[in-house]
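Participant: What follows is the residue order along each chain.
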Amino acid sequence: MTTSEYATERETTEGRVFNVTGGDWDTVTGSIDPLSNEKIVVNMGPQHPSTHGVLRLVLELEGETVTEARPVVGYLHTGIEKSIEYRNWVQGTTFVTRADYLAPMFNEAAYCLAVEKLLGVTDQITERANTIRVLFMELNRISSHLVWLATTGMELGAISMMLYGFREREYILDIFEETSGLRMNAAYIRPGGVAQDVPDSAIKKIRDFLVYLPKKLKEYESLLSGQIIWQQRTQGVAVLDVTGCLALGITGPVLRASGLAWDLRKTMPYCGYETYEFDVPTATTADVWGRYQVRLAEIRQSLKIVEQALDRLKPGPVMIADKKIAWPAQLAVGLDGMGNSLEHVAKIMGQSMESLIHHFKLVTEGFRVPPGQVYVGIEHPRGELGVHAVSDGGTHPYRVHMRDPSFVNLQAIPAMAEGALLADVIAGGASLDPVMGGCDR
Amino acid sequence: MSIEPNPTGGVPVEAAPVGADIDAPAQTPASPQKGMFGISGTGDVSGFGGLVRPRPEVVGSPKPYGGYFDEVTDALEEAYPGFADAIEKVIVYRGELTLHIAPEKIAEVAQIMRDDESLRFELLSSLSGVDYLAGDVRRLHVCYELTSMTYRRRVRLEAAIPAGGSLPSVTGVYPTADWQERETYDMFGVIFAGHPNLTRVLMPDDWEGYPQRKDYPLGGVPVEYKGAEIPPPDQRRVYQ
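Residue numbers (my numbering), protein chains in the order written: chain A, 772 to 1212; chain B, 76 to 315.
It should be emphasised that the hints constitute simulated quantities derived from the structure, not laboratory data. Treat the hints loosely; a few may be bogus.
Said to hold, decoys possible - Result set (DSS-like, lysine-lysine): computed pairs, CA atoms no more than 30 Å apart in a straight line: (1) A:K976 with A:K1037; (2) A:K853 with A:K986; (3) B:K164 with B:K138; (4) B:K289 with B:K164; (5) A:K986 with A:K1037; (6) A:K1118 with A:K1132; (7) B:K289 with A:K1095; (8) B:K138 with A:K853; (9) A:K853 with A:K1132; (10) A:K1132 with B:K289; (11) A:K853 with B:K164; (12) A:K987 with A:K975.
Unchecked claim - What the simulated footprint calls covered on chain B by chain A, stretch by stretch (three residues with Cβ under 8 Å from a Cβ of chain A suffice, anywhere in the stretch; the number is not a length): (13) 165–177; (14) 194–203; (15) 217–231; (16) 241–251; (17) 274–281.
Said to hold, decoys possible - Here are some, though not all, of the chain B residues that point toward chain A, as calculated from beta-carbon distances under 8 Å: (18) W254; (19) G284; (20) D290; (21) P308; (22) Q310.
Glycine is no exception: its CB is placed at the ideal position from the N, C-alpha and C atoms.
In isolation and in its complexed conformation, chain B is listed as follows (with noise of 0.2 Å):
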């Protein structure tokens, strides 16, 4: 079963697959998951632990990509000289296209996407980081959703960096992405270089750490019964 947007507005519509689902659009880390229940070793005799889940490899869709995806690139390709450069995968799923770009060229790319008179993405509808653990390169993506209130489209930029690594701010392009960009940075320790007053947001601001990434230590509650701990919820025996 495949989803392909409606050219006409939003609507994701039934319709013949075309390159929309051949693929594994987020980039979940590449090792293969083992096991079933969170143990590992002796204590498992079900046998479930010796299961190996192999991730599926992040690949990008071919064209044509169907419905207005295909104006979106071209238009894109045709106002921005450095497409070739900046654009490092194109993906369609679920009826929404992602645009991988280079963490440097985020900001003019964003710009492009803003001031074209064929793109018009003139709404940055939400920011907001991701931690796939995958490597130490693109350990953090930074997702933005544009969207086009004259052709009502939806398009995703998604950039990744590793931890502790910098991209350019959009605020110069999307003042809405102050507060956005400040949680990114909260949340996963993402530097937005240029923004005008990166701090913590949400968190208080002598907060050490970074909330949202996948390491982030969780705490567990101490019962009182005999020294008795209940695990952080990481940590617990639970179906993955």
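Pulled out of the complex, with its shape left as it was, chain A reads as follows (with noise of 0.2 Å):
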């Protein structure tokens, strides 16, 4: 038996315990008898850099095989769902949107498309502020597939890919902080329509964006495709088919990688998407390599709807013409962020009364929502994120359930890292992008 300072161990009751927190796994094989201990149990984090995250992987080994792998998640739990009930709806935007971090701008958009499908006033929505909408999400989708980009080429070895994918995702955040005054959690889309309007500095930077990301889409293919190693961690690996995928309800790039063209987008339309012009991109090897494929086709498929939201563009309100609903404060964002727009507060309270009560009972205690309940389910960058939100007619939420496809999407990991190896269930995991944010909420 060995002793290292990397490599404690005791003995209790089920065997023997190793604390191993260093490279250091030929200590740990090397102290057991092979004769006697077959299987060892692994826990694999909640704090590993490999497991996006704080998910904790358990994981039984016969030699590198896994025989069983079970998941344990709510390490992020934050109590979204449970806050907002205590928030008034406008509010609610700013607790969603913190769930998936990733994907701020499609926790935003799935809220407020139900808070709107219950006020009944989905048809009264801008023109320009469904532009917007798109136009944000499909930036969001980009730069979410960018981090997927970056951390599965580190976890699989490929450390450069991950300074391009979070470099290029800064430009997109740039895009987001011009508009918004935030590069994460903007609390951009609001109820009603947007915040704010897109700056003509932030549309030149889309533009640019437009014309620089295709050029590196093409080094960062050739630098992973045809890459032996890249080739042989993903292709025939962590394989999920078509028939376990709706079993398990795993939707999004994991579900198309395995034949199924299935996109909210498409079959189930919302913000005016049946106008625009994409494909679904599929695979059918079901495996990482697939999920590569399509999320590389996807992030070209969004550039297109993004070129074509910035044409159709026309000026024009961003915020619901009902005034019981739209946001009073008009924003502009200042040296310091985003903030109250002045000439706004010069007119409230200078000029206008009415406006300032208006002002005052509006962000004080909000609007009124009629009771009932509705799902909207939307395509995120991961499947399908559903809010389900409940009223009970008063002006704070009675129930918001968000459906994160995160939290769905782990329930895979079982299906397809046992059996397989060890080195496989990083692959495997890292393909089903999880964010634990959006998982635990």
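Using the hints, put the two standalone chains together into the complex.
Facilitator: This is the structure we're talking about:
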């Protein structure tokens, strides 16, 4: 038996327990008697660089083969759904945006679509607001897929891909910042429209990005696709076919990589997606390689949608005309970020008592939403994001449930990992693209 | 203004109301809501304390329901002999169809919804709970959002049980319900009979109580000023 400062060990009733904190796998395997201890149980995570946040995997190993895998979640549970019940409907946006932190625009959009459906004002949302929503959701999809490419590259050994992916994502976060004042968690999409109009400077940045990214995408494809290690780590790994996906409720790129072209933007369109021209990329291999191909193709399709959205962006209001719903605070991006527009404050404080009362009522009390319940599902970068919203007729949500794709998709880990090698657990888990903020909410 | 589903897809389109918005679709507490700022007795000089806002009763929608809703209910009636006993209420609201199901029948109905050729709800999109605090018998509702990929339709099944009650697990029909039922158990204390491993999923294993229930005690925040404390959110003076 060997002792090491990295791998301390102790005897328990369930067997010998090792605490492994460094690269000393040999120490652990060397001190296990292969005749009496055939199985070892490895606790991967919750703090582990390759588990996408605080995901814990309990793996039972025989040699290097995984015989049982159990994902354990909940380490990032923040009670978002409960907190929303004590805020008004507009404030809810700032909570949901923090769930899946790589796709904040989608969280906001799904929530706002649900609130608007409850209010019965879906068809009153202005064309410009809808176009801006599509524009920002697609930019967000690109940034989310870039992070997937970056982290998966890192986990499979292509460290440079991580730097490139995060670098490109930063361009998109700059666009979000230019428009809303915040890189992430912008609370930009609000019930009734969006918080404020897109400035011309942001439009220019998007146009530049449309020219910039396709060239870079080609580089990454030539960096990864032809790479023999990348191919061997992804092809035929973590296979899950259509039947498995549907039974386990897996949607998004994982489902499309198994051959079913199910994309809510096409099949149950919202925000006017039916008027855009784009394809739904699929693959037939149902493995990590297929998911990689689908995500790359989706970035290209999203660029196409962004271009169409920019072309049809006509001047007009970005908030619903109904003054009983529209957020009265006209916002402006100042030197220190987004805040109240000084012109608007001057008007309501100095000229119009009614505007001041109206502003006060809507901001402190909020609008009332008729009693009822709705479910809205949208195509999130990871699959179907559903919002089930219930109103009791008051100014606060009675209940909001987010059906987050990360939470549902993580159920596929045992199906993908059991019987495979330990190294493939990393590739398979990464190919699901789980974001624990969304999973645990 | 009424919204009716587009038969060709899930997009709500404006249409003439056909029994689509005549009711309150969610079972909110039946007792009338009083006051406006969360205070009672003295201290209210606004007069709003005397305000009584009655809550509407849940009433089923009359046929025809409009859109694909009639096809779905007719197909279920044809395929499922126990339809009359199992379906408590049919509600159409905001272009969505909700079938209230007797709790003990939920797994049977889900099986038919998945397997019948004219229904084909292959995917259970979402499963979650709502605590309506209404009476003892119908306090906790579990909502099942079914999606038919073949016909591009959505339907909600809803089952109501008392606190501490149980209903059959649908994991045998939709394996994806596994974690979602665990979450509903974790947050509302709904027992799903027949679930393979009904343990907490988001809260710690040794947690007590069910946080998403409406009567779950919320913590206040002590402030460092003469023993003052910020009251829990449900006891603050707010518009209601």
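Participant: Decide, hint by hint, whether the structure agrees.
Facilitator: Here's how the hints hold up against the structure:
1. A:K976 with A:K1037: holds, 28 Å
2. A:K853 with A:K986: Distance ~44 Å between A:K853 and A:K986 Cα, so the pair is violated.
3. B:K164 with B:K138: holds, 12 Å
4. B:K289 with B:K164: Distance of about 25 Å is within 30 Å: holds.
5. A:K986 with A:K1037: holds, 27 Å
6. A:K1118 with A:K1132: holds, 17 Å
7. B:K289 with A:K1095: Within the cut-off at roughly 29 Å; holds.
8. B:K138 with A:K853: Given pair B:K138, A:K853 is violated - Cα atoms ~36 Å apart, limit 30 Å.
9. A:K853 with A:K1132: This hinted pair holds, its Cα atoms lying about 24 Å apart.
10. A:K1132 with B:K289: Holds, because 26 Å separates the two Cα atoms, which is no more than 30 Å.
11. A:K853 with B:K164: holds, 28 Å
12. A:K987 with A:K975: Answer holds: A:K987 to A:K975 is near 19 Å, not above 30 Å.
13. 165–177: holds (count 5)
14. 194–203: holds (count 6)
15. 217–231: holds (count 7)
16. 241–251: As far as the segment 241–251 of chain B goes, the hint holds, because 3 residues have Cβ atoms under 8 Å from chain A.
17. 274–281: Our answer is that it holds, as 5 residues pass the Cβ test (under 8 Å) against chain A, meeting three.
18. W254: holds, 5 Å
19. G284: Cβ of B:G284 sits 12 Å from chain A, so the hint is violated.
20. D290: At about 13 Å, which exceeds the 8 Å cut-off, the nearest Cβ of chain A leaves the hint on B:D290 violated.
21. P308: holds, 4 Å
22. Q310: violated, 10 Å
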